[in-house]
Every structure is written in structure tokens, then in C-alpha cells.
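K.L.:
The primary structure of each chain is shown beneath.
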Amino acid sequence: MVQGVGQDAGAALLAGRCAIVAMPGLAFGGALARGLRRHGARVVEIDVTPGSCADAEKALGHAAREAGGADLVVHAGATPAALAARPLESLSGEEWQSAVHRSMLASLYLLQGVYRQQHEAGGATVLVGPSVALVGAAGLVPLITLVEAQRTLVKSAARQWGRHGMRLNWVGVGAQRFAPALAEAALPPTPELGPPPPALGRVPELQAEVADVIAWLGSDGARGVTGASFNLDGGDWMVP
Amino acid sequence: MSQASATTTSTGAGLLDGRVAFVTGAGAGIGRGIALALAAAGARVAVTGRRASTCNDTVAQIAAEGGAALALEADVGDAAAVHRAVEAAVARWGRLDILVQNANAGDSAHPIALEDVSAEDWLRQARVAWDGNLHCAQAALPHLRASGCGRFIVLGSAFGLHGAAMNPVYSALKGGDRGFVKSLAREWGPDGITVNAIEPAAATEPTQVFFAQNPAVRDAYLRLFPLGRMGVPREDIGRAVVALCSDLMGYVSGQNLPVDGGLYTAL
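Residue numbers (our numbering), protein chains in the order written: chain A, 1 to 240; chain B, 1001 to 1267.
Incorrect hints may appear among the rest.
What the hints assert, rightly or not - Covered, in the sense of this in silico footprint (three residues per stretch, anywhere, with C-beta under 8 Å from a C-beta of chain A), are these stretches of chain B:
1. 1126-1132
2. 1137-1150
3. 1175-1188
What the hints assert, rightly or not - Part of the chain A face toward chain B, derived, beta carbon under 7 Å:
4. Val141
5. Ile144
6. Glu148
7. Leu153
8. Ala157
9. Val213
10. Trp216
Worth flagging that the hints you see were computed from the coordinates, not collected in a lab.
Small disclaimer: the values here were computed from a predicted structure and weren't measured.
For every residue, glycine included, the Cβ atom is placed at its ideal position computed from N, Cα and C.
Build the full structure now, drawing on both the sequences and the hints.
P.N.:
Here you go:
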């Protein structure tokens, strides 16, 4: 029997908590939202790519009022330009701007909006990216640049905002879980020469296994965890 | 701990004979140290900066030591300017083997609260770091392909490895550099080009001035380094770049190499 898929993760980790899932333009936010609801959270999804800090503040404020708070914010951000695989040498300046700067600024604004929501009472934030960012991929230089910057921003924000009771962590998921379009990319094979990767024989499913870890990161059980990276790809990439 | 131990080691003379290097932000600091070290190892060096005049001292020192160098204007945020400078270097020496993207916006040590970062704060630094990477890579690629021993090196930062409360913009950009390097190494590997990043810790001129004025801060900071000192731009960082550019490390690609006296050991 394959362990984990569809199983009950146990006690509701987020009973009474409010969560916001902000993954503009990425289809997997719905699955994560359903998984967090399974853990007892009141969840509101927002599909806004903020063009300013004020945009993010407004969107998150509206969502927090609807959910009753913003105890946990889950975010992933990458514009369609960032998800398109192509060699760097053929990338136009406009494509580069859209892929890295617009995506990054939207994530920056989103985090600033989270700060407005959480800096008084604390809270948890989880950024989600494709785990392949840990190892790089040909044809995806803009996306991997972006995601590694987001992952580093999580660390810096965790350092700056920890004194406010804010915890921020990063979760890596299988590339095709992150965006089906990445199936077309030349994703690197893992160096494992034994049984086919990933080690678990499957890429963890979003609504159950990935959401379970995110729910834990949003729970009191993870109150000592911040600035960390969690690779939830079933044991595909095992980084140092 | 004296710095003599760093200055009496090999210069790597001859390791890069016949090669041509292009170094951005090479008028001062770590970039200047890298340019001097590459020249001492035998490379002919295009010493570039936003204004060519800022590179004259570096070029003069290389010439005084018997090397070959050329000062070129290259604002790395300007694709056309980078292309012109790369082509000028190739026109002068007939080839390009090494590109070192060292330029940065100079904001790395400026504290900034993440909640207050503006688009301007981001774009001012990103234009140099990330757009500079793109422009340098695109301009250099045909020549690095033709080289047969192409090297593309980005100067990262420990901030990009562990994050930094002091300057989250700079650290995010440097973290992004890691992704850039890892991916480009996979993309350019079939062309025989290695792509790596170095995460240096070096006492540049402004750092030395700051430390002279704040000896208590200096002493506390130096205790972070197992080797007991910060690096010297030419001898410590420059020579590491020389090694990466030489045949000695021609099988190293896609790596982020801390050159920091043992500061960061979490990998």
C-alpha cells in the first residue's frame, strides 16, 4: 500500500485558524486550499497579482476580513513568462523583465502585505516553489533565478520579522505539481542510478501530503521553525 | 592573524596564458582584485566599469606588472553597452574566454526594512545584478562557445546563501544568482562552458575604512571567520577566480563556492 495518499493526517492542525492562499495564475492553489480546510482552517483564496504594496495590502486585508484573520498565508508566484522554457540566449529583455522582475515584485508586495496583517499578533507564511529550483534546469534560467530569490527572501524576512512573531518558510514541490507547463521543460534527471526516482515512488500529492506539511508549518507544532526550506518531492532531489 | 599567509602563495602565473577575460565592476574592490589576479596569471583583461575612467588605475597597475589590459565602459544594466564592450574586447584580442560578472549597485551594506522596500529599491539593484547577468551572458555566449574553455563566473554573496536581515533586497538578488548559475551551467554545459558563482568575503577599501573607525565591530566580525581574517580581494578572491578559470578546475560547473575563510559551512 502506498503510504500517505488520501490518508487522514490525524488531528486538525489548523482548527480555528484563518488561512489565505495567494497563488495568482497558478492552478494548484485550490488543491492546497482544500487540504488546509481539511485541517480545520477557514481558507480564502485570492487571485491577484499585486502591482504595488497598496494592492497587496488591499487584497490581503479583504481576504483577512472574509476569513476572520491571516494566521497562515500560503503564496506562490510566477508569471507565465517565468514558466516558459527557452534558452537564455533567445530571451528578450521584455520576457526577462516579466519573468523575473514582475514576478519578484509581486511576491515582495505580497510579503509586505502579510507584514501589515501579521506584525502585531504574529503568524506563519509559507512560500511554495518547484523543487527543481534547488538544482537548476536548462531552459528555465529566469524561473530558477526567481524561485531561488524568493527562497532567499523568505530567509531574510524570517530574520527581520521573527521579533514580531512572524515565521516564514519555503516548501518545494514537484515541478509539474507547481505548473503543468513545466512538463515541457528539460528537467534534469536525478543522479540516482537505482530504482526510478523519486524515492517514494510518487511525487507527493498537493491536497493531502503537501497541504499536511504546510498545515503543520502553520500550526503551533512548528512554532520554532522559521527560515527553513522543505523539499516535498518524494525524495527526488536530496540536497546537502 | 596576519595577511602575509595570503600574499605569499602562488600567483598562478602562466595558468591563463593566451586567455582573454572580461571583468565587470573592475575599477575597485573585489572586481579590481580579480582583474589584477587574472592578469598576473597571464590573461589579457578587459577592465570594465560604468565609466571607463574608473578603470584606468587598474589598467595602469596591470601594465606596470607587465600584463595586458584595456579599460572599457560597460554599464551592465544596458544590453547594448555590454554588447559593445564585449565586441571591443574581442576586436582587440581576437577572442573571449572568461567573463566575470562582478558589478553590483553598491547597496549591499545598506540596512533596509523589508516592509519599506519600494519598486525603485528593487529595480535599482536588480538592474545591475540580474539584468547584468543576462546582458553579460547573452553578449559573451558566442565567444565563450568558440573559446573551447569558456568560463562564466558570477560574484554572489553569503547573504544569498543564508539570507540577511540587514539587506533583504541584496540577499534575494544574490540568492537568485545561485539559481541563475545552476541553470545556466546545465544550459551551457554542452558547449563546454563552465558556469559558477563565488561567494566572497573580502575587506574592500570601504570595509577597511569602516573597520578602522569601528574597531570593536571589526573584532566582533572577524571572530565569525575560522581563519580569523577577511579575504584580500586580489590574493584571496582573485586567485580563487583564477583557479576556476584555469584548466585545473575545468570540470567544476554549476557550483556556488564560498571563498570566505570558512564563514559559511552549511552546504
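K.L.:
So, for every hint listed, does it hold in this structure?
P.N.:
Hints, verified against the model:
Counting residues of the region 1126-1132 of chain B whose beta-carbon sits less than 8 Å from any beta-carbon of chain A gives 3, enough to reach three: the coverage restraint holds. Counting residues of the region 1137-1150 of chain B whose beta carbon lies closer than 8 Å to any beta carbon of chain A gives 3, which meets the minimum of three for the stated coverage. Against chain A, the region 1175-1188 of chain B contributes 13 residues with a C-beta closer than 8 Å to a partner C-beta. That satisfies the three-residue criterion, and the hint holds. For A/Val141, the suggested interface contact is upheld, since its CB lies about 4 Å from the closest CB of chain B, less than 7 Å.
Hint status for A/Ile144: holds, given a least beta-carbon distance of 4 Å to chain B, under 7 Å. Restraint check, A/Glu148 versus chain B: the minimum CB separation of about 3 Å is within 7 Å; hint holds. Annotation: interface hint on A/Leu153 holds; nearest CB of chain B at approximately 4 Å, less than 7 Å. With 7 Å as the threshold, the beta carbon of A/Ala157 comes within range of chain B, its nearest partner Cβ sitting at about 6 Å, so the hint holds.
Hint status for A/Val213 relative to chain B: violated, with the closest Cβ pair at about 21 Å, above 7 Å. For A/Trp216, the shortest C-beta to C-beta distance to chain B is roughly 22 Å, which exceeds 7 Å, and the interface hint is violated.
Hints 9, 10, counting from the list given before, are not met by this structure.
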